[in-house]
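Novice: So you can see what is in the structure, the chains are spelled out below.
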Amino acid sequence: MSDLQENKEPYPVINILECKACGRCIAACPKDLLQLSVDLNERGYRYVEYSGGSCTGCANCYYTCPEPLAIEIHIPLKEK
Amino acid sequence: MTEKIIRSSGLYPEFPRKGGAAPTATHYCPGCGHGIIHKLIGEAMSDLEIQDRSIMISPVGCAVFAYYYFDCGNLQVAHGRAPAVGTGASRAEDDAVVIAYQGDGDLASIGLNETMQAANRGEKMAIFFVNNTVFGMTGGQMAPTTLIGEKTVTCPEGRDPMSTGYPLHMCEILNNLKAPVFIERVSVSDISHIRKARKAIKKALEIQRDGKGYAFVEILSTCPTNLRQDAEQSTRFVNEEMEKEFPLGNFRDLSAETEPLKRGKSDFSKAAIDRLFNLETESSPDAIRDPGFPEVQIKAAGFGGQGVLSMGLTIAHAGCDASRFVSWYPSYGPEQRGGTSNCSVVISGGSIGSPVVYTSDILVAMNKPSLEKFAADVREGGVILYDSTIGECDIPAGVRGIAVPAVRIAQEAGSVKAANTVMLGVMLALGVTGLSGENFRSAIAETFSKKPKLISLNHDVLEAAVAWAMENV
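Protein chains in written order, with our numbering: chain Y, 1 to 80; chain Z, 1 to 473.
These are computed hints drawn from the structure, not numbers from a lab. Careful: at least some of the hints might be erroneous.
What the hints assert, rightly or not - In the DSS-like style, the derived pairs of lysine-lysine whose C-alpha atoms are separated by at most 25 Å in a straight line are:
no., chain 1, residue 1, chain 2, residue 2
1, Z, K203, Z, K262
2, Z, K4, Y, K78
3, Z, K196, Y, K31
4, Z, K244, Z, K196
5, Y, K8, Z, K4
6, Z, K417, Z, K453
7, Y, K78, Y, K31
8, Z, K368, Z, K417
9, Z, K417, Z, K451
10, Z, K4, Y, K31
11, Z, K151, Z, K244
12, Z, K199, Z, K244
To be verified - Which stretches of chain Z does chain Y cover? Using the computed rule of at least three CB atoms under 8 Å from a CB of chain Y, they are:
no., stretch
13, 23–29
14, 190–200
15, 227–236
If you're wondering where the values come from, they're calculated on a predicted model, not measured in any experiment. Yeah, the Cβ is synthetic: ideal placement off N, Cα and C, and Gly gets one too.
Please construct the entire structure, taking both the sequences and the accompanying hints into account.
Specialist: Following this line, the structure appears as C-alpha cells:
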C-alpha cells in the first residue's frame with residue numbers, strides 16, 4: 001500500500017498518556033485493529049495501539065473510551 | 001489533505017484544575033462509565049450551542065469534580081440537593097440550561113425527596129442519573145439501586161430484600177408524575193448502547209435549549225473497580241443483570257406537544273429584594289464605598305439569653321445607619337436559653353469577603369467561658385470588654401482589657417436585661433467602631449421597633465454607659 005493510499009483511510013490517533021488499559025475500545029473495534037501494548041506508558045499502564053490497516057472511521061473506540069481525550073478519529077475527506 | 005476529526009467537544013481540551021501527572025486524563029478509574037457520559041453530554045452541549053447558557057451541577061460522588069471537565073458554568077451543591085439548587089438557578093435565570101449530574105446515592109438515596117419534588121414541579125432541568133448499582137466514591141457500599149443478591153461491601157452476602165428492600169426504579173417512579181416532559185433509561189455498557197444513550201442525552205438537552213421543562217435520563221453505567229470486574233465483565237453485568245432489573249427504553253417524550261415554559265425575567269434590584277424580605281428600603285440605605293474607613297471586626301460572646309446576638313445585630317444596624325458595609329454572623333447551639341452563643345460583626349468601607357471573624361478588633365465577653373475561648377484571638381491593639389463579675393482574668397499582652405460593671409449599670413438605669421446595651425455604650429465612648437452616637441441610637445430604635453417602650457429605656461442605658469466610660473476608662 002502506498003503512502004498516498006494509506007492517507008486516504010481513516011485512522012485513530014491514540015494519546016497513550018491517557019490510556020488506562022481498560023480494553024473497552026479493543027472489544028468495540030469491528031475490525032480488530034486495536035491491541036494492548038507490551039510496554040507501559042509514563043503512568044504505568046499498558047496502552048492501546050493501532051495496528052494499522054482497514055479502519056473504517058466508525059468511531060466506536062472513541063465513543064466507548066472512558067477517557068474523553070484519549071482517542072481521536074481522523075477521517076480524510078475525498079477531494080473533489 | 002483535509003480531514004474530519006471526531007474528538008471530544010464541550011469539555012476542556014486539558015484539565016489543569018485536576019492537577020497531577022496527566023493533566024489530559026480524568027481522575028476516573030479504568031473502565032468507568034463517567035468519562036463516556038461526560039463525553040456524550042459535552043458533545044450534545046457543543047452541538048446544540050448551549051455551553052454559555054449551561055450550568056452543570058456537580059454531585060457528591062465520584063463525579064464531584066465535573067467542573068474539571070465540562071466547559072460550561074458549574075455549581076457544586078450539598079449531597080442530593082442538585083434539584084433544589086437547580087430549581088433556584090433555573091428560576092433566577094430563565095434562560096439557563098440547568099444540568100444535574102447525579103449518582104444513585106445522590107439522586108435516589110439522600111436526594112430522593114428533592115428529585116421527586118422537582119420532577120413534580122416540572123422544573124426546567126435535565127437530570128442525568130448515573131446508575132451503577134453501587135456507591136463508588138465511598139468505597140463500594142450498597143446503593144438504593146443495588147440488585148437483589150448483588151454483593152457490595154455493606155451487603156457481603158448479597159442484597160437481601162427482607163432487610164434492605166428492593167432496587168428503586170427511578171424512571172418508573174417518576175413516570176407516575178404528570179409534569180415531566182421526557183423520561184428515558186439508557187445504558188453505556190457497550191458501543192451499541194452508547195449510541196442510543198447519545199440520542200437520549202441530546203434530546204434531554206434539546207428540551208432544555210427550548211425551555212420546555214423536566215427531562216430525566218437514567219444511564220446504566222459501569223463501576224468495574226467497586227464491583228470487582230474487568231471491562232468485559234462490567235459490560236456483561238450491565239447488559240445481562242442490570243437490564244433485567246432496569247429495562248431500557250423511553251418512558252415518555254412529550255417534547256413535540258409541549259410549549260416552552262416562560263417564567264419571566266427575575267428582578268434582582270435592591271427595591272425588589274427588600275420588598276421580598278419585607279424591608280423598608282429607606283431604613284437600610286445603600287452602603288457607600290469608603291476606602292478610608294478601616295474595617296472593624298467584632299466578636300460578641302456569652303450565654304444564650306444574655307443578648308449577645310441582638311447586641312451584634314444592633315452594631316450591624318448602626319453600621320447600616322452609617323452607610324457602611326456590614327455583616328452579622330451568628331453561631332449558637334440549639335438551646336433557647338443557656339448554652340453559649342456568639343456572633344461576628346464586620347463593619348467595612350468596602351465589600352465584605354467573609355462574615356467569619358477569626359481575629360477580632362473588639363471582643364465583648366459576657367461570661368468567663370467566652371472570654372477564655374476568644375481572648376487569644378484578639379488582635380494586638382484590640383479591646384476586650386468583659387463583664388466585671390467575671391473577676392480576675394488573663395488579658396493577652398498588647399490588648400486592652402476593660403472590666404465593665406455592665407449588669408450593675410443596666411440595673412441602675414432601668415433593666416438588668418440591658419447589660420448588652422451597656423457594652424454598646426462603652427464601645428461608643430471608646431470610639432472603637434468608627435460609628436457615631438446617633439448611629440447607635442437609631443440602631444437601638446430599629447432593634448426594639450416592635451417594643452417601643454424599650455427604646456427609651458435602652459437609650460438611657462446607653463447614655464449611662466457612655467457616662468461611666470468617660471469617667472472610668
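Novice: Could you work out which of the previously given hints the structure breaks and list their numbers from low to high?
Specialist: none
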